[in-house]
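Trainee: Sequence:
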Amino acid sequence: MNMLAKCSLLSFSFLTSFATASSAAWSAETGSSQVTVTAKEKWNSSRAAQRETDPSVPAFVPDISTPAGIPQIPSVNINTSEKQPYSFSLQFDSVRHVGQVMARNGVYLSGWNVSQFAGVPNGGIGHGSFFNENFALGLDFDMENIAGIKGAKIHFLSDTLAGQGHAGDFTGSNWSYLSFWGNHDGLELREFTWDQALFNNRLHILAGRLNPKTGEFEGSELYCLFQAFMCSIAPTLSINGSLPGAPTSSWGARVLVKPTKSTYIKGGIWEAEPWLKSTNHNAWPGADWGFDKAEGEYIPIEGGYRTNFSNDLYPRAYDIGFVYDTALYSDPLYNTRGQDRPLYGGAAQSRRGRTNFYVQAQQMVWKPERKGERGLVVFGAANFSTSGAANVKDGFVLGLLDWGPFAARPRDFTGVVFESLVWDRHLVRAMNETMQAGHIHGRWASVETMAEFNYGFSIAPGVSVVPYLEYLWHPDQIGRKIKSDVTHALQLGFSLNMQLNPALGLPMLHRVRN
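Counting with mature numbering (1 follows the signal peptide of the UniProt record, and there is no 0), you get residues -24 to -1, 1 to 490 for the letters of the sequence shown.
Because the hints were derived from the structure by calculation, they are not lab data.
Do not rely on the hints blindly, as some may be mistaken.
Derived pair list, reagent style DSS-like, types lysine-lysine, alpha-carbon separation capped at 30 Å [what the hints assert, rightly or not]:
#1 Lys343 x Lys59
#2 Lys234 x Lys59
#3 Lys269 x Lys126
#4 Lys459 x Lys237
Restraint-style ranges between C-beta atoms, simulated for each label pair [to be verified]:
#5 Phe429 x Trp342: 47 to 57 Å
#6 Lys126 x Gly102: 39 to 49 Å
#7 Asp370 x Lys126: 39 to 49 Å
#8 Thr239 x Gln76: 17 to 27 Å
#9 Arg313 x Lys126: 39 to 49 Å
#10 Glu345 x Ala324: 49 to 59 Å
#11 Lys237 x Leu163: 17 to 27 Å
#12 Trp260 x Gly418: 41 to 51 Å
These numbers come from a predicted model, not from an experiment.
Cβ atoms here follow ideal geometry from the backbone N, Cα and C, with glycine treated the same way.
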């Protein structure tokens, strides 16, 4: 294990020991949902902290995306009998007091930490293990409190990726580890924006340095509960686009209109800078803060209907969207002379313009208690490339999440998700010709499918341990030296997730995404 892994585990062990020794002395104002610390006295968690992943997943979901929607208070789900046997707490009066003082002055901390250790023992292009770290820290400013500007907020968030490598180095799949897919390792500027609410919260304008891949479009708080190929958005939207990985930002703006509390229409425009990918720039002030590196625009629009536990016993979300990407990109098959590049070589033919259409849905379909928050959620997404030569022609996601699978552990979760990527026919032809030219036996599969099964142990407020299993059919091997007969890959691992605000009992500035 490398030094980064050791430091992370030692730090977490210290915090755990310190928290366990001190938990008996900790107490908070009574909320509507009680929890217990194992072998310690009973204590109560803040209802506000439990609502931070609003709109449609219950309390303390340990995702790594920012919260969305109006805080769901009061709730139609008033069951107060569910108690989680937490092992420890990281919430201390001194830390909570600092957060409250900051909040009274309009300043809020935000962030997360995800440490992941995994290995590939079977299949793929190689066997081995790896460690990855995703740490984010930010500040949100309530400008109405600070400067009297009604409805205004400023969001700042930095993100760092680090670790030994990517799962694709072993599985052979470029898209089987999106939860850690950034441009590169390093400290990056994820967001620096002005967020303005107008007309009694009917209109929301967000502008500055940001990235729509962080959940602004085709996003779901459910996705980040999975540890391998899902995070923030449906993967196809990330694959078929000119924008860099989610940790890196570019200039953009998004306008959100809410005709009713449960409906929304939003659209945006982003500066497409492929230069960000090729130069490993971290999006901090520098050359790319001008507009001379832009090669097009990324324009998404979306409309949807979304409820939460404040107004629906069985929360649901449905949306439909369209993306127009005007940036230059390389044709997957042809060279500049119109010949098949794997056979005749040469530079890739440049093309401009791609469009993508998507639909997405999630619905809680069953609950053991009518007014409880435990239950089964079905979710899915479908993406269709409607013009251009994007690598993925069609992409499909289908999953099931059981929140609170056991009455004795109502904050745990377990889930299974499947994704299929149907590759563009030009890419399939190019890959088969590459194999033919290299005298590699077999044919390249036109569909790549992956599945993940996991169980999340909520061991403290805002902290979870999530063991998972990922299985891949036909790893794509795109951008790698192709090996024959790579039909599958198995990945096993676990993640240690901490959402800063619920973990430390800190207040959070809510924002509206939909």
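Trainee: Take the hints in turn and mark each one as holding or not.
Mentor: Here's how the hints hold up against the structure:
| no. | hint | verdict |
| --- | --- | --- |
| 1 | Lys343 x Lys59 | 16 Å, holds |
| 2 | Lys234 x Lys59 | 35 Å, violated |
| 3 | Lys269 x Lys126 | 35 Å, violated |
| 4 | Lys459 x Lys237 | 53 Å, violated |
| 5 | Phe429 x Trp342: 47 to 57 Å | 19 Å, violated |
| 6 | Lys126 x Gly102: 39 to 49 Å | 57 Å, violated |
| 7 | Asp370 x Lys126: 39 to 49 Å | 45 Å, holds |
| 8 | Thr239 x Gln76: 17 to 27 Å | 34 Å, violated |
| 9 | Arg313 x Lys126: 39 to 49 Å | 60 Å, violated |
| 10 | Glu345 x Ala324: 49 to 59 Å | 57 Å, holds |
| 11 | Lys237 x Leu163: 17 to 27 Å | 38 Å, violated |
| 12 | Trp260 x Gly418: 41 to 51 Å | 45 Å, holds |
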